[in-house]
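Using the sequences plus the hints, can you model the full thing?
Listed in order, the protein sequences are those of chains A and B.
Per the numbering used here, the first sequence runs over residues 1 to 112.
Per the numbering used here, the second sequence runs over residues 1 to 112.
If you are wondering where the hints come from, they were derived from the structure by calculation, not from laboratory data.
Where is the CB? At the ideal position from N, CA and C, for every residue including glycine.
There may be inaccurate statements among the hints.
[What the hints assert, rightly or not] Okay, the calculated beta carbon distance ranges per label pair:
(1) B:T40 x A:T110: 14 to 24 Å
(2) A:G40 x B:T51: 43 to 53 Å
(3) A:L83 x B:N3: 23 to 33 Å
(4) A:D99 x B:T40: 24 to 34 Å
(5) B:G54 x A:F69: 38 to 48 Å
(6) A:D99 x B:Y74: 19 to 29 Å
[Stated by the list, open to error] In silico DMTMM-like cross-links for lysine to aspartate or glutamate, where the CA-CA straight-line distance does not exceed 20 Å:
(7) B:K59 x B:E94
(8) B:K104 x A:D84
(9) B:K57 x B:D84
(10) B:K59 x B:E15
(11) B:K42 x B:D17
(12) B:K59 x A:D99
(13) B:K59 x B:E70
(14) B:K57 x A:D99
(15) B:K69 x B:E94
(16) B:K104 x B:D17
(17) B:K104 x A:E82
(18) B:K78 x B:D17
In case you want the letters, here they are:
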Amino acid sequence: ETGVTQSPTHLIKTRGQQVTLRCSSQSGHNTVSWYQQALGQGPQFIFQYYREEENGRGNFPPRFSGLQFPNYSSELNVNALELDDSALYLCASSLDSRDTQYFGPGTRLTVL
Amino acid sequence: ILNVEQSPQSLHVQEGDSTNFTCSFPSSNFYALHWYRWETAKSPEALFVMTLNGDEKKKGRISATLNTKEGYSYLYIKGSQPEDSATYLCAFMENSGYALNFGKGTSLLVTP
Chain A
1 ETGVTQSPTH LIKTRGQQVT LRCSSQSGHN TVSWYQQALG QGPQFIFQYY REEENGRGNF
61 PPRFSGLQFP NYSSELNVNA LELDDSALYL CASSLDSRDT QYFGPGTRLT VL
Chain B
1 ILNVEQSPQS LHVQEGDSTN FTCSFPSSNF YALHWYRWET AKSPEALFVM TLNGDEKKKG
61 RISATLNTKE GYSYLYIKGS QPEDSATYLC AFMENSGYAL NFGKGTSLLV TP
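Laid out in structure tokens, this is it:
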């Protein structure tokens with residue numbers, strides 16, 4: 001069952017700007033993971049938050065940061081946007097760190 | 001970066017045909033193998049989580065097998081229907097992490 005939502009659906013930014021993407025996890029899920037899917041690639045792991053603490057991080061620079069809130073919402077923040085940041089960003093929630101991850105529909109970010 | 005490969009990249013079959021895809025992943029440090037179905041403009045949908053060598057899972061006309069010793073999983077669809085048209089993603093989770101490491105997916109088109 002899914003119940004993960006993301007906003008906005010689409011977003012256009014210019015190089016150097018900052019962006020915040022939002023995710024609402026399924027109720028009761030303590031873990032949220034974020035993924036970036038560039039064109040022609042599979043989703044790439046950015047990081048995971050468990051009970052509001054970063055739990056693990058993929059190969060992404062520090063300008064990618066996140067927050068997780070007690071109300072099962074979370075944010076992905078990207079500073080100093082680059083053209084290569086153009087991608088679909090997916091969030092996924094799960095009961096715990098290694099449980100099945102349930103995905104939202106994604107936010108399409110375009111950096112011009 | 002863990003190497004997860006999926007083949008074929010795309011597949012076009014007629015309604016009623018049976019088909020199968022392959023996912024290969026590292027055979028060491030295995031924790032779980034996930035299969036997702038992703039229809040255009042929707043959220044990726046979890047199909048199976050497989051953890052044990054020799055696992056076989058079934059959901060309706062879709063089934064999957066797992067060989068952790070040689071590092072591969074097969075997904076089978078029996079009697080394909082147009083509504084099976086989607087991208088099928090596999091994702092490997094290693095024993096020492098929390099990330100899903102995705103392949104690029106197999107895009108299936110089923111025509112009437």
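Hints, one by one, checked against the model:
{"no.": "1", "hint": "B:T40 x A:T110: 14 to 24 Å", "verdict": "holds (18 Å)"}
{"no.": "2", "hint": "A:G40 x B:T51: 43 to 53 Å", "verdict": "violated (30 Å)"}
{"no.": "3", "hint": "A:L83 x B:N3: 23 to 33 Å", "verdict": "holds (26 Å)"}
{"no.": "4", "hint": "A:D99 x B:T40: 24 to 34 Å", "verdict": "holds (27 Å)"}
{"no.": "5", "hint": "B:G54 x A:F69: 38 to 48 Å", "verdict": "holds (42 Å)"}
{"no.": "6", "hint": "A:D99 x B:Y74: 19 to 29 Å", "verdict": "holds (24 Å)"}
{"no.": "7", "hint": "B:K59 x B:E94", "verdict": "violated (25 Å)"}
{"no.": "8", "hint": "B:K104 x A:D84", "verdict": "holds (18 Å)"}
{"no.": "9", "hint": "B:K57 x B:D84", "verdict": "holds (17 Å)"}
{"no.": "10", "hint": "B:K59 x B:E15", "verdict": "holds (19 Å)"}
{"no.": "11", "hint": "B:K42 x B:D17", "verdict": "violated (25 Å)"}
{"no.": "12", "hint": "B:K59 x A:D99", "verdict": "holds (19 Å)"}
{"no.": "13", "hint": "B:K59 x B:E70", "verdict": "violated (24 Å)"}
{"no.": "14", "hint": "B:K57 x A:D99", "verdict": "holds (17 Å)"}
{"no.": "15", "hint": "B:K69 x B:E94", "verdict": "holds (14 Å)"}
{"no.": "16", "hint": "B:K104 x B:D17", "verdict": "violated (23 Å)"}
{"no.": "17", "hint": "B:K104 x A:E82", "verdict": "violated (23 Å)"}
{"no.": "18", "hint": "B:K78 x B:D17", "verdict": "holds (7 Å)"}
Checked against the numbered hints listed earlier, the structure breaks hints 2, 7, 11, 13, 16, 17; every other hint is satisfied.
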